[in-house]
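2 protein chains.
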Amino acid sequence: MAQKLSPESRKAALSRLPNWADAKDRDAIVRKFTFGDFNEAFGFMTRAALVAEKMNHHPEWSNVYRTVEVTLSTHDAGGVTELDLELAEAMEMIADS
Amino acid sequence: MAQKLSPESRKAALSRLPNWADAKDRDAIVRKFTFGDFNEAFGFMTRAALVAEKMNHHPEWSNVYRTVEVTLSTHDAGGVTELDLELAEAMEMIADS
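In order, the protein sequence lines correspond to chains U and B. Here this note's numbering is used: the first residue of the first sequence is 113, the next is one more, and so on. Here this note's numbering is used: the first residue of the second sequence is 113, the next is one more, and so on.
None of these hints come from the bench; they were simulated from the model. Among the hints, erroneous ones may be present.
Chain B residues, not near chain U, derived (Cβ > 12 Å throughout) [as the list claims (entries may be wrong)]:
1. Ala125
2. Leu126
3. Ser127
4. Ala133
5. Lys136
6. Met157
7. Ala160
8. Arg178
Simulated coverage check for chain U against chain B, where a stretch passes if three residues somewhere in it have a Cβ under 8 Å from a Cβ of chain B [stated by the list, open to error]:
9. 119-126
10. 142-156
11. 172-178
Cβ coordinates follow ideal geometry from the N, Cα and C atoms, glycine included.
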């Protein structure tokens with residue numbers, strides 16, 4: 113099972129993921145993505161969903177037209193783990209492509 | 113442009129959409145869908161996204177694993193219109209299928 117990251121590991125990881133931030137009210141990382149339109153936003157979600165399903169690690173996310181807000185945390189570990197970093201990195205690659 | 117429904121029309125419409133309710137804090141209708149797993153939940157979202165894009169009328173929605181919470185409102189009309197009812201009905205059909 114994925115282990116919750118130490119504060120040091122998490123800080124280092126977030127420095128590699130500059131668009132992500134700590135959630136304010138829980139042990140999670142968050143990012144808001146903004147795309148050109150709904151087609152692009154949902155296209156991103158679809159590609160990310162396939163990655164998430166393959167990882168068996170799923171985001172909490174919301175979509176309003178061209179924006180997608182993502183919260184990543186590992187339920188079983190009660191906080192942020194390597195799985196969240198991996199999914200965040202995958203989302204960055206998808207959003208950049 | 114779609115016109116905001118009268119209170120009477122809206123009440124009548126909600127009686128045909130028993131799983132939907134008025135949003136508490138804004139002029140919108142809401143529903144929480146619960147599916148068997150993420151695959152089913154995101155499959156629903158994908159089918160609903162295609163309908164929404166075709167209608168050029170988009171939901172506000174969030175997904176956490178097997179649940180999808182949907183809020184429908186028509187921004188340009190400042191409230192619930194026939195477009196929202198149409199999308200809600202389409203979502204019911206997709207969820208039932």
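Here's how the hints hold up against the structure:
Listed as a non-interface residue, Ala125 of chain B keeps its Cβ farther than 12 Å from every Cβ of chain U; the least gap is roughly 23 Å. For Leu126 of chain B, the shortest C-beta to C-beta distance to chain U comes to about 23 Å, beyond the 12 Å cut-off, and the non-interface label holds. Every beta carbon of chain U lies more than 12 Å from that of Ser127 of chain B, the smallest distance being close to 28 Å; the non-interface claim holds. With 12 Å as the threshold on Cβ separation, the claim that Ala133 of chain B sits away from chain U holds: the shortest Cβ distance comes to roughly 19 Å.
The claim that Lys136 of chain B lies off the interface holds: its Cβ sits roughly 17 Å from the closest Cβ of chain U, which is beyond the 12 Å cut-off. Interface exclusion of Met157 of chain B from chain U breaks down, the closest Cβ pair being 8 Å apart, not more than 12 Å. A beta-carbon of chain U comes within 12 Å of the beta-carbon of Ala160 of chain B; the shortest separation is about 10 Å. Against chain U, the non-interface label of Arg178 of chain B is violated: not every CB pair exceeds 12 Å, the least being about 9 Å.
Counting residues of the segment 119-126 of chain U whose CB lies closer than 8 Å to any CB of chain B gives 0, so the stated coverage by that chain is violated, three being the minimum. Given a C-beta distance limit of less than 8 Å, the hint that chain B covers the segment 142-156 of chain U holds, as 3 residues qualify and 3 suffice. For the segment 172-178 of chain U, the assignment as covered by chain B holds, since 6 residues bring a beta-carbon within under 8 Å of that chain's beta-carbons and 3 suffice.
In summary, the structure is inconsistent with hints 6, 7, 8, 9 from the numbered list given earlier, while agreeing with the others.
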